[in-house]
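The task is to assemble the complex, starting from two chains supplied on their own in separate frames and drawing on the hints.
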Amino acid sequence: MGGQGLSRRTFLKAGGALVVGAGLGRRGVRPAGAQTIPSADRFLGKPLATDAVDSFLAIHADGSVTLFSGKVDLGTGARAAFRQMVAEELDVPIERIAMIEGDTALTPDQGGTGGSYGVSRGGMQLRRAAATARQALLGLAASRLGRPVGDLEVGDGMVRPKAGGAGVSYGELVGDRRLGLPVDPKAPLKAPKDFRYIGKSIPRPDVPAKVTGRNLYVHDLTLPGMLHGRALRPPAVGASLVSVDEASIAAIPGARVVRLGSFLGVVAEREWDAVRASRLLQTRWSGGGSLPDHAMLYDALRAAAVVRDETIARRGDLSALTAGASGLRTLAATYRWPIQTHGSIGPSCGVADVRTDRATVWTASQATHRFQPVFARILGLPTDRVRLIYLDGAGSYGQNGADDAACDAALLSKAVGRPVRVQWMREDEHGWDPKGPAHLLEFRAAMDDRGEVAAWETQAWLPASTAGLPTVPLLAPEAAGLPQPAGRSSGQIQQNVDPPYRFPNVYAVVHWVADAPLRTSPIRAPGKVANTFAVESFTDEIAALAGVDPVAFRLQHLTDARGIEVLRTAAARLGWQPRPSPRRADPGAAVLTGRGIAYIHYKHEETRVAMAMEVEVEPASGRIRVTRVACAQDCGLMINPDCVRAQVEGNILQTLSRALHEEIVYDRQRVTTVTWATYPILTFPEVPAVEIDLIQRLDQPPLGVGEPASAPVAAALGNAVFDATGIRLRTVPFRPDRVKAALAGRAG
Amino acid sequence: MTRLTLRVNGATRDVELDDPDTPLLYVLRNDVGLTGTRFGCGLAQCGACTVMVAGRAIRSCVTPARAVVGQAVTTIEGLGSPERPDPVQAAFIAEQAAQCGYCTAGMVVTARAFLEQNPRPSEREVRQALAGNLCRCGSHLRVLRAVLRAAAAMPGGR
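These protein sequences, in sequence, are chains A and B. Counting in my numbering, the first sequence runs from 1 upward without gaps. Counting in my numbering, the second sequence runs from 1 upward without gaps.
Just so you know, these hints were derived from the structure itself, not from any lab. Quantities reported herein were computed from a predicted structural model and do not represent experimental measurements. There's no promise every hint is true.
Unchecked claim - Pair ranges (Cβ atoms, derived):
{"hint": "1", "chain 1": "A", "residue 1": "L469", "chain 2": "B", "residue 2": "S81", "range": "55 to 61 Å"}
{"hint": "2", "chain 1": "A", "residue 1": "G225", "chain 2": "B", "residue 2": "T2", "range": "43 to 49 Å"}
{"hint": "3", "chain 1": "A", "residue 1": "P382", "chain 2": "B", "residue 2": "A54", "range": "51 to 57 Å"}
{"hint": "4", "chain 1": "A", "residue 1": "G417", "chain 2": "B", "residue 2": "A54", "range": "49 to 55 Å"}
{"hint": "5", "chain 1": "B", "residue 1": "A54", "chain 2": "A", "residue 2": "D194", "range": "38 to 44 Å"}
{"hint": "6", "chain 1": "B", "residue 1": "T12", "chain 2": "A", "residue 2": "A590", "range": "54 to 60 Å"}
{"hint": "7", "chain 1": "A", "residue 1": "G155", "chain 2": "B", "residue 2": "S81", "range": "29 to 35 Å"}
{"hint": "8", "chain 1": "B", "residue 1": "G55", "chain 2": "A", "residue 2": "A514", "range": "55 to 61 Å"}
{"hint": "9", "chain 1": "A", "residue 1": "P578", "chain 2": "B", "residue 2": "A54", "range": "54 to 60 Å"}
{"hint": "10", "chain 1": "A", "residue 1": "D109", "chain 2": "B", "residue 2": "E16", "range": "43 to 49 Å"}
Said to hold, decoys possible - One side only, chain B facing chain A, incomplete, derived with CB under 8 Å:
{"hint": "11", "residue": "L4"}
{"hint": "12", "residue": "F39"}
{"hint": "13", "residue": "T63"}
{"hint": "14", "residue": "T74"}
{"hint": "15", "residue": "I76"}
{"hint": "16", "residue": "P82"}
{"hint": "17", "residue": "Y102"}
{"hint": "18", "residue": "C103"}
{"hint": "19", "residue": "F114"}
{"hint": "20", "residue": "Q117"}
{"hint": "21", "residue": "N118"}
{"hint": "22", "residue": "A131"}
{"hint": "23", "residue": "R136"}
{"hint": "24", "residue": "G138"}
{"hint": "25", "residue": "L141"}
Unchecked claim - Some, not all, of what chain B presents toward chain A, calculated at C-beta under 7 Å:
{"hint": "26", "residue": "T2"}
{"hint": "27", "residue": "L43"}
{"hint": "28", "residue": "P87"}
{"hint": "29", "residue": "A105"}
{"hint": "30", "residue": "C137"}
Glycine residues also receive a C-beta, built at the ideal position from the N, C-alpha and C atoms.
So that you can see chain B by itself, here it is in the shape it has in the complex (with noise of 0.2 Å):
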């Protein structure tokens, strides 16, 4: 058995593991409750697991949980809600950017973080940001569109 202090979304969650090595995407959906970060691939091919760790985004179906003890975690939940969304998430609900929804939290994730670092994208640079990201039903036009969009909205942003 293996003990992990996580913290996730500001709060400190403690993990009891059999495998020390179970990833960071079983803890946080089965352990900490928070569903919102999807299981795609187990390969880092898809991004549907996408979470941020201190700011960036990585692939939590890879990432050791334990590889993320002392810092801060933050998943789709921790962004924002339907009733106060983040700018990102407002942007991909003005946007209408959703299909089937299951690749959605890993896009707003991803495209959280590339704004953090670059507020001021060009679309290709967009384009560049989420090309890890696959989308299956075909909602990329209207991904593209809210991250710009969420750009302009955003401090600092265009």
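For reference, chain A alone in the conformation it holds in the complex (with noise of 0.2 Å):
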């Protein structure tokens, strides 16, 4: 690394050691997780290129390993199963296995968390460069031991003769020595039947701590010196600061205002001065109060300017949807997906400690590395002399608040010149995260005599994301005018606007528009959720058309063995009843049955999900009750498949959440639903039964988890809610003003 690796250790040092007293600091405990390891600064200028097998890991002289993960664990089980596929590869013990997960200085750059992407790529780059590692630790120890490789065996941790004998322990061949070597692509992995910790549901190493208050969380950091902070956004987006009052907090103990153009902060050496400062604060503000109307979200989204078209798929020709010809009927939706918020059940966080030369931030941040140059433009320092350090949050499903915390802290810590935290209060999460975007999704189906389908035309118009834009631009330097990446992003908001089935003629167009009435972020499955409700809703419709069973039109139009096999595994655990929707139920009853099902393959390349449901609808109110789901996935192999279960179960419950009840409102100046009573989310007594088909598939590569399951569930509803009344719903949520509404409208 020579001079300059001493040059950024030394300037980093200050910071990475903060960790240490956090870590050790709490009476004694240690909180179990990645970032609280009390060494850690120990490896400062260690490589951190991506094609390094030393950027991955360390192998010290006691034996035990360190993984150093760009990717982080977002109570997702990451942390669990990164040192498994570690501990698989490199023959170690899980339990000497320690992890460091989205340091900026300790960690490569594996990009954001994000996509479902963790152990497909993140796990993987991982797992080649502990295969590598072994191979090279065979190499040495062979030579060490005067036997060729053939000759030697490796386990916990010891390269062995076959034949007996005195072996040579890992420690003791590299002893926090660096490998040097490059990351082997084609190192040879385990095969299945050697397993030992992949396919194992290994209990995470975080859940004890979690469970008995000493994980610690972004929001428990304390450093010394340390002040707290609260950002006042303005009361409409947009709006200018132009006077502040600071006379109006003279009476509370040492609070202090911040003020860089219209970024407005205060700190206090007590939180909650902080907070009271951040209350009784007088500010007069001028501008903004120019979002649209919110009552016309979608007419104004189908209405405006498109930046350009994206073809998604075309296939064949449309001409069955205009020829008119005999035999041919057509059928013609729309459907509306809500602007949604992540819903953090902790408000974002961030601790940052800026000095003239220097910057560590902690943050919740998915992806540390992309924003690290961010937060140096913002601040006035070089790159490498900011280190932005990962530590749990409250989960954030994408972009949350969490990283305009952090922001917000450095902004007030440079301010101050001493470190500060910022919690964000439950308005601030609800009213501020960048918001999953509206979704306006408009088909057109033609279907002939046999009951096929002659052609399938998507539009969707969503908001177009900005090329390259590295990350979400951030309130903090949007008001203080600082410099930082602009533009709007969601994520690949943009796959499986088209059907999974193989119908023969299709067209699948985004139209891309300017802008949108909130700041964006990729949420949840980014755009998938709303899609597929979409496309698995129209081709319900198409089914009930051509009087065909839900799961039978959907097996007749699906070539994937894989697709088949989750179809039919979900309807088989539903105790499925062929028979074309909708049932024919007694309109007088108090409470319709039904069932429904819905299908994805995410980004039609990755996790095949099949999902059924079963719902009761009550007319008289409304009310929507999902009574049993059922789920079948295959993702490839699963490297820990209680994770994976947790991560679908995660995925059901959330969307069906996001399906029923969620929807983000604003006036003209802000958002207005700020609170749990305005944005109510899913309860104890609404969760229903969920059974879940896992498919292990240890001769295949795993695929991704942490979102695929979510994409199917708002569709499996609304289909079974049809099932039930006969009454398509095709906006969410799903609210039971909307269902008696739509009830009524039958009954009228």
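Here is the structure:
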């Protein structure tokens, strides 16, 4: 690394040393988890390139191993799964493996944590590095023992002669020295028959600490001399700060105002004093108040200027839609998905220590490496003088307010010259986290006299993302007038607007529109949740028009064997009774029951999920009760099946919540749904029975798990409601007033 | 300056507050140093800040610290530790009933207080008892199983 590495080491050390204090200073309790390894800073200056084995792991003299992962564990089980993958390839007992995550000074840049790529990409990089290391260790042992590699075997961190006799440990072979090797993409991986760790439901290392209140979240970090801060957001989106009456908080001990343009914050020695100051501070703002009319959200999206059209799928021709040929029946429908928040239970928090020549930021960011240069530019520091360190936060499911809170803390710390912790309040998170954008999808289809789909057309209107934008713009630099990447991003929200079925004539286009009412970011399974709701509901409409059972209709048009298997498995698990939907129920019944199914082949190339469910609908109240869910998923190789199961459970329940309850509403000034009372989410009494079949594919590569099962949930729900009532719900959320109105429309 | 003496997890703690109305949550986290109790909403709508006062589950984000003077306060740390978890915590670990874990302390404390009152609950009663505790990750199914498992394991349990 030479002098530059030494320089970086010196500069970053002070920040890192504070982690030691955080880890040990809490009444002798050292929290479990990744970021509290007290001696982590001894690794400063280590390689970080993604093609070097030493970037990913270090083997210590005592035989223990430290992993360095750019991808982080957001409560998903990556902390278990990554260790399992490395334990497997290195042949080291899993309890001897420690892990450091998302620290820009210590971990390689493996891209942000998202897109369900944690294991399939990030974990596989670790696995290949470990496999390369294993080969190197065998070579070193062969020299040491004077025997050919073929005569040696590896187990529990030791290399031994197969014939017996003295072996040599990894610690003796390497002993904290670097291996100095490039990752060999062809290094042999363990065969499934030899798996000891992969495929086992090993308990997550962070759960005991989380359950006993000992896990260190970024919210819990305390630094010497640290102040508590709060950022004050304007009363209207886009408003400018005119004046601040600092005397209005004079009575609060130690409270100070920080103002940078229209970025406004308060700091105080005590957190409650910072909260009080933020509430009492008298301010005047001007401008803003120009948000569009929320009641016209979808009309505005449909009428918005289109930046460009992107063809997602095109095969055959759509003449059946317009030819007016005899025997053809056509169908058209419009589907709408609202703006939603990530809805993290803990409002976002960040802690920053910004000095004149360097900065350390502790953050629950899903993308510390991407934000490192952004923070450096905002703070006016060289990138290599800025260190972002991941610490656990409340679940974020995309980009919530975590990066904004971290940036708030950084600007306040820079202004006051002391470490600052900023935790958002509830109204900040609901009101100002970047939102999942609204979706509008219009469909047309034609069916011939044999019930075959002669044409399918999707048109989607979605807010355009800015090409090459590294990170979502943050609130604080925007208000302060500081430079940062400008634009919009929502993730890959165009994926899966086209059906997964082998219809001969398909056209799917996304009309990218210039703007959206509120700032956007990726939200779990970006776009796929809304698009699959629409595509799989419309598929159900076609099946109903054809008078074909919804499962049978899908199976008729699916050629992918793994997709067929999950559909059959979920249907069987639910006890699916084949018949066309809707069922013919007594319209006067107090409770109507139905079942629905939906399917996703995630991004058309990854995980397959089928989701079936049973619902009860109460016409008098419009209330939907989901009674049972049956899900089948094929995500290839599962490293830790119980962690996979937990992700599937979470996808199901979170998306039921989004489909049944959730919509962000705003007036002309700002978001108005800023509490759990006005933005309700799923509660325990509503939770259905859930049965999950996971298909283990030991001989296949691992595919994503964190998102896919969320995609088919809303369509399965809407299809079940249709089965029960004959009413097609095409706009989320399915709140009782909307359901009641739809049912009344039928009656009328 | 307001001086209070609190009893937290069996220990006596003297604290000094700038504001006599300071919520118990901030005192526990920042003055007593027990950060397992979490800020979620400040409005008693989510349950992340739940602690026990004299055996009853309360929302520490809306309870002034002065209101609990003279009463026994029990936080998540006071129930047990990773090495010696209480029966509810042990059941949560056995069921792996946490993802991000931010809501978990509130769930555990609510469940513990509930089981003290109702040691043999039905699943329906557990759901009602936790109706005011929000979880975003979707750990509900495991939490329900964990509470029922704890009920079976606790003295006098079913």
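Hint by hint, here is what the structure shows:
no., hint, in the structure
1, L469/A to S81/B: 55 to 61 Å, "45 Å, violated"
2, G225/A to T2/B: 43 to 49 Å, "24 Å, violated"
3, P382/A to A54/B: 51 to 57 Å, "56 Å, holds"
4, G417/A to A54/B: 49 to 55 Å, "44 Å, violated"
5, A54/B to D194/A: 38 to 44 Å, "57 Å, violated"
6, T12/B to A590/A: 54 to 60 Å, "58 Å, holds"
7, G155/A to S81/B: 29 to 35 Å, "34 Å, holds"
8, G55/B to A514/A: 55 to 61 Å, "58 Å, holds"
9, P578/A to A54/B: 54 to 60 Å, "58 Å, holds"
10, D109/A to E16/B: 43 to 49 Å, "46 Å, holds"
11, L4, "13 Å, violated"
12, F39, "7 Å, holds"
13, T63, "13 Å, violated"
14, T74, "11 Å, violated"
15, I76, "3 Å, holds"
16, P82, "4 Å, holds"
17, Y102, "4 Å, holds"
18, C103, "5 Å, holds"
19, F114, "12 Å, violated"
20, Q117, "17 Å, violated"
21, N118, "15 Å, violated"
22, A131, "5 Å, holds"
23, R136, "5 Å, holds"
24, G138, "3 Å, holds"
25, L141, "5 Å, holds"
26, T2, "12 Å, violated"
27, L43, "6 Å, holds"
28, P87, "12 Å, violated"
29, A105, "5 Å, holds"
30, C137, "5 Å, holds"
Hints 1, 2, 4, 5, 11, 13, 14, 19, 20, 21, 26 and 28 from the earlier list are contradicted by this structure; the remaining hints agree with it.
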